[in-house]
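Peer 1: Sequence:
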Amino acid sequence: MNTTLDYLRGNRKFLIKDFVVHGDYSSAEGGLLYAENLPTGKRIIFAHTYIVHNHQQVIFGNLYDHKENQLPTQLNSPKVIILPKNDVHCFLVGTETPIGFNIAKNEPSKTGLVDLLIIEME
Numbered sequence: 126m127n128t129t130l131d132y133l134r135g136n137r138k139f140l141i142k143d144f145v146v147h148g149d150y151s152s153a154e155g156g157l158l159y160a161e162n163l164p165t166g167k168r169i170i171f172a173h174t175y176i177v178h179n180h181q182q183v184i185f186g187n188l189y190d191h192k193e194n195q196l197p198t199q200l201n202s203p204k205v206i207i208l209p210k211n212d213v214h215c216f217l218v219g220t221e222t223p224i225g226f227n228i229a230k231n232e233p234s235k236t237g238l239v240d241l242l243i244i245e246m247e
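All the letters of the sequence shown, read from the start, carry residue numbers 126 to 247 under our numbering.
Rather than coming from a laboratory, the hints here were simulated on the basis of the structure.
Glycine included, C-beta positions come from ideal geometry on N, C-alpha and C.
Keep in mind that a hint or two might mislead.
DSBU-like, lysine-lysine: derived pairs with alpha carbons at most 30 angstroms apart [to be verified]:
1) K210 <-> K235
2) K167 <-> K235
3) K235 <-> K204
4) K138 <-> K210
5) K142 <-> K192
6) K138 <-> K192
7) K167 <-> K192
8) K192 <-> K204
9) K167 <-> K210
10) K204 <-> K138
Label-pair distances were calculated between CB atoms; the ranges are [to be verified]:
11) Q195 <-> L217: 20 to 26 angstroms
12) L157 <-> Q182: 18 to 24 angstroms
13) F216 <-> N187: 17 to 23 angstroms
14) D143 <-> T165: 50 to 56 angstroms
15) D212 <-> P164: 56 to 62 angstroms
16) Y159 <-> L242: 50 to 56 angstroms
17) L208 <-> P164: 53 to 59 angstroms
18) F171 <-> V213: 31 to 37 angstroms
19) L157 <-> P233: 54 to 60 angstroms
20) P233 <-> P197: 30 to 36 angstroms
21) Q195 <-> N162: 15 to 21 angstroms
22) L217 <-> L163: 34 to 40 angstroms
23) H214 <-> L157: 26 to 32 angstroms
From just these sequences and the hints, can you work out the full model?
Peer 2: Following this line, the structure appears as structure tokens:
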């Protein structure tokens, strides 16, 4: 038996055709530093966050694959592969989570069109 082939065939894969990307990558990612005064003491907190959210948030449970089957609401260790269908560059913002991912495009005046290949790695 070929263990590599068995591993690749054992994972769930979903193909979403003609996905329209309308989120822009004009958000700023930054660090915040603030202090809290609590009854038990003081503390300084550093947070890493997006200042403006213009990217498109995609939830797996809202997607349908090319056979019109709805995707599960959660996937274990998902990986999203973007297959472009027009000249607009689209990309993931951040990392995939078990419930979804964020996607954006780099040209605000155009709409991106992609196919998405979603693979459950576990």
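Peer 1: Hint by hint, note whether the structure agrees.
Peer 2: Verification of the hints:
| no. | hint | result |
| --- | --- | --- |
| 1 | K210 <-> K235 | holds, 13 angstroms |
| 2 | K167 <-> K235 | violated, 48 angstroms |
| 3 | K235 <-> K204 | holds, 26 angstroms |
| 4 | K138 <-> K210 | holds, 20 angstroms |
| 5 | K142 <-> K192 | holds, 10 angstroms |
| 6 | K138 <-> K192 | holds, 12 angstroms |
| 7 | K167 <-> K192 | violated, 56 angstroms |
| 8 | K192 <-> K204 | holds, 20 angstroms |
| 9 | K167 <-> K210 | violated, 53 angstroms |
| 10 | K204 <-> K138 | holds, 10 angstroms |
| 11 | Q195 <-> L217: 20 to 26 angstroms | holds, 22 angstroms |
| 12 | L157 <-> Q182: 18 to 24 angstroms | holds, 21 angstroms |
| 13 | F216 <-> N187: 17 to 23 angstroms | holds, 20 angstroms |
| 14 | D143 <-> T165: 50 to 56 angstroms | holds, 54 angstroms |
| 15 | D212 <-> P164: 56 to 62 angstroms | holds, 58 angstroms |
| 16 | Y159 <-> L242: 50 to 56 angstroms | violated, 40 angstroms |
| 17 | L208 <-> P164: 53 to 59 angstroms | holds, 54 angstroms |
| 18 | F171 <-> V213: 31 to 37 angstroms | holds, 35 angstroms |
| 19 | L157 <-> P233: 54 to 60 angstroms | violated, 26 angstroms |
| 20 | P233 <-> P197: 30 to 36 angstroms | holds, 33 angstroms |
| 21 | Q195 <-> N162: 15 to 21 angstroms | violated, 48 angstroms |
| 22 | L217 <-> L163: 34 to 40 angstroms | holds, 37 angstroms |
| 23 | H214 <-> L157: 26 to 32 angstroms | holds, 29 angstroms |
When the structure is compared with the earlier hints, violations turn up for hints 2, 7, 9, 16, 19 and 21 and for no others.
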